[in-house]
Amino acid sequence: MGNVLAFCEFSDDGLRTSALANLTFARQAAQAHGGEVIALVMGGGVQGAAAAAAKYAPKVLVVDEPTLAHYLAETYAPIVARLAKEHGATVVCATATSVGKDLMPRVASLLDAGQASDISKLEGKDTFVRPILSGNANSTVQISTPIICVTPRQTEFEPAPELGAAGAVTAAPAGTIDALGATFDRLDAQKSDRPDLGDAKVVVSGGRGMKNGENFKVLEELADLLGAAMGASRAATDAGMVPADWQVGQTGKIVAPKLYFAVAISGAIQHLAGMKGSKTIVAINKNKDEPIFQVADYGIVADWEKAVPELIAEIKKLKASR
Amino acid sequence: MKILVPVKRVPDPTQKAKLKDGHIDLTGASWIVNTFDEYAVETALRLVENGADGTRLPGAEIIVVSIGPDDAAKEIRTCLAMGADRAIHVVATDAEIDSLAVTKVLKGVVEAEKPDLVIMGKQAVDGDANQVGQMLAGKLGWPQATFAATVELAADKQSLLVGREVDGGVEYKRVPLHSVITVDLRIVGSKSVKNGVTPESHAYSGEGARLPSLKGIMAAKKKPMATAKLADYGVEAQPSIKELSVTLPPPRKAGEIVADIPTLVKKLADEAKAL
Ligand SMILES: Cc1cc2nc3c(=O)[nH]c(=O)nc-3n(C[C@H](O)[C@H](O)[C@H](O)COP(=O)(O)OP(=O)(O)OC[C@H]3O[C@@H](n4cnc5c(N)ncnc54)[C@H](O)[C@@H]3O)c2cc1C
Ligand SMILES: Nc1ncnc2c1ncn2[C@@H]1O[C@H](COP(=O)(O)O)[C@@H](O)[C@H]1O
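Here the protein sequences come in this chain order: H and B.
Number 43 in my numbering belongs to position 43 of the first sequence; there are no gaps in the numbering.
Number 1130 in my numbering belongs to position 130 of the second sequence; there are no gaps in the numbering.
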């Protein structure tokens, strides 16, 4: 018997979609361990987020403390580890976002727990499937430590539905907070009205063949027509054409939309690792021999300069006819 | 400044994955230094040199440490040839270790060597775990700055401002010395590392980590490489994370080349129901 402590990220609008994937994993793990899901909400001024979490979990722990307003691994990890012990957790989990990936292994080391990162499936109580080698293989791992820390991959777990009754919200003390000299300086955020790359239904990505940032405008027009998020290859982000956090791939974002456009992207394994899970893939590339065409459902061999404006016009026509 | 750089050797990711007895078959594989660790060595070098003329700052030392089988010595030498000063090779097979064991060994090395900083890759590109750096920082009780795209040493050399690649932008975090930094791809950008000595006008090539020069390769042969065993760090060859099996996902079915845009849009709407 053991409980599952699920660290939940939130925004001003409530729990993040990514947190709902974590809660789905948490429910599966709680069933396997014969315990219950305890959602954990931490920060400064988080009562609203705690109430939102209560829609999804029978129990919610809330640590509300002004000095925790900005996430820092140094201050968060000891609290998560302590609460895990106090509340009989045998599994501690957070979605594999940039926060979850930063936090959970540190929690694991404080608990002497085995860590399963970026998992795609719960196979049994202590057994998980995780993609390795840029997604070219799936490894099944078994972890024998008494407590296990896990970061489930957002695209592999459906968002958890709400429960019938609201869970019980309990305040938990933060205890002594020590950032070990680390401080949050600032966040340079890219403001955008487009959906998050992680949970967009459609993604439009451009690569080195777009040549410069200005040229991405035509892809953004296509994206906005489809309500899509923008993505890019490493070559495009490294060249400074577009923001770094648009990068899709092994070391960028993992996406699995219904529809993915790869424009002027060759299809290196590291890029494929981030988008192979998409339902339908369209590739537009001038060179018919590129590896991207081996994963694309539909390929167009053409210059983007000609193909993309034509695509926009044709989609507008389709929309008008409906 | 004394910097410890943990490095792992990994199978060259451009090789096709094949299986033998339910695990990845590595017979005859070619090996490389994990790309992110190569970037970590590069970062360490940039922090302790004047990039414009390549001179080392006084008191600088870069130590690489690797836990791996006998023949990992070759990849460790590559790091020495890039410019690291000495190496520690803790000999163990991959089956004997997991991330908890690696973390414990690295903690032992940090306690023995007392570096000012640990700089390492954010992820080993074979297991793609992205966890050892965070675990090491937790075990040491040191601050961490993961996924670093830029680092800037403060004028008093007592802290670093690290630009971290996070979902939704770049987060700037300040950490004091005695911290663990894990590096992301863009750390090898032409102006990503600032040490207050390299002139502002200097730009590195931006094409990844430096290649070892012929002189570097010759020098590396004479640089010290100490060998050790897991037991020297009180670690048993009893991993608590075990790989039961590996499977290869079915390849994605190759699709079709579509003649023109109107046909594409029609297929997306009617066949794929994606529009
Ligand atoms: C450790 C490591 C991690 C990495 N992680 C990632 C990652 O997460 N994500 C990622 O994307 N990459 C990653 N990479 C980089 C990856 O290996 C490739 O270098 C990169 O994906 C290439 O980007 P690209 O396809 O845009 O550029 P290229 O490979 O240069 O391809 C450009 C394409 O544009 C086409 N083209 C040119 N002009 C036109 C035109 N006018 N019309 C149509 N097509 C045109 C060309 O035919 C070509 O196919 C990683 C690499 C390493 C070593
Ligand atoms: N066997 C090892 N020896 C030395 N360093 C390692 C080893 N395994 C992992 N590391 C370090 O930990 C980082 C993250 O690895 P991982 O968490 O396995 O993805 C790597 O980039 C290395 O710096």
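FYI, nobody ran anything at the bench for these hints, they're computed from the structure.
Backbone N, C-alpha and C define an ideal beta-carbon position, used for all residues, glycine too.
Keep in mind that the hints are not guaranteed to be accurate.
Calculated from the model, a selection of chain H residues having no Cβ within reach of chain B, i.e. all distances over 10 Å [what the hints assert, rightly or not]:
#1 A137
#2 L163
#3 G175
#4 T176
#5 G198
#6 E220
#7 D238
#8 Y298
#9 G299
Dumping the calculated DSBU-like pairs for lysine-lysine here, alpha-carbon to alpha-carbon at most 35 Å [stated by the list, open to error]:
#10 H:K306 / B:K1253
#11 H:K319 / B:K1273
#12 H:K316 / H:K306
Now the hints, each set against the structure:
Non-interface call for A137 (chain H) relative to chain B: violated, since the shortest CB-CB distance, roughly 5 Å, does not exceed 10 Å. Interface exclusion of L163 (chain H) from chain B stands, the closest Cβ pair being 27 Å apart, more than 10 Å. No Cβ of chain B comes within 10 Å of the Cβ of G175 (chain H); the nearest lies about 15 Å off, and the non-interface call holds. In this structure T176 (chain H) is separated from chain B by more than 10 Å, as the shortest Cβ-Cβ distance comes to about 13 Å.
Remark: the non-interface label on G198 (chain H) conflicts with the geometry, its nearest Cβ contact in chain B lying 7 Å away (cut-off 10 Å). Separation of E220 (chain H) from chain B is adequate, the least Cβ-Cβ distance of about 18 Å exceeding the 10 Å criterion. The Cβ of D238 (chain H) does not lie farther than 10 Å from every Cβ of chain B; its closest approach is about 7 Å, which violates its non-interface assignment. The beta carbon of Y298 (chain H) is not kept farther than 10 Å from every beta carbon of chain B, the shortest such distance being approximately 5 Å.
Distance check for G299 (chain H) against chain B: the nearest CB is about 5 Å away, which does not clear 10 Å, and the non-interface claim fails. Distance hint between K306 (chain H) and K1253 (chain B) is fulfilled; the C-alpha atoms sit about 27 Å from each other, no more than 35 Å. Proximity of K319 (chain H) to K1273 (chain B) is assessed by CA-CA distance (about 14 Å); at most 35 Å being required, the pair is judged to hold. Restraint check for K316 (chain H) and K306 (chain H): the C-alpha separation of about 16 Å stays at or below 35 Å, so the hint holds.
Hints 1, 5, 7, 8 and 9 from the list above are not met by this structure, while the remaining hints are.
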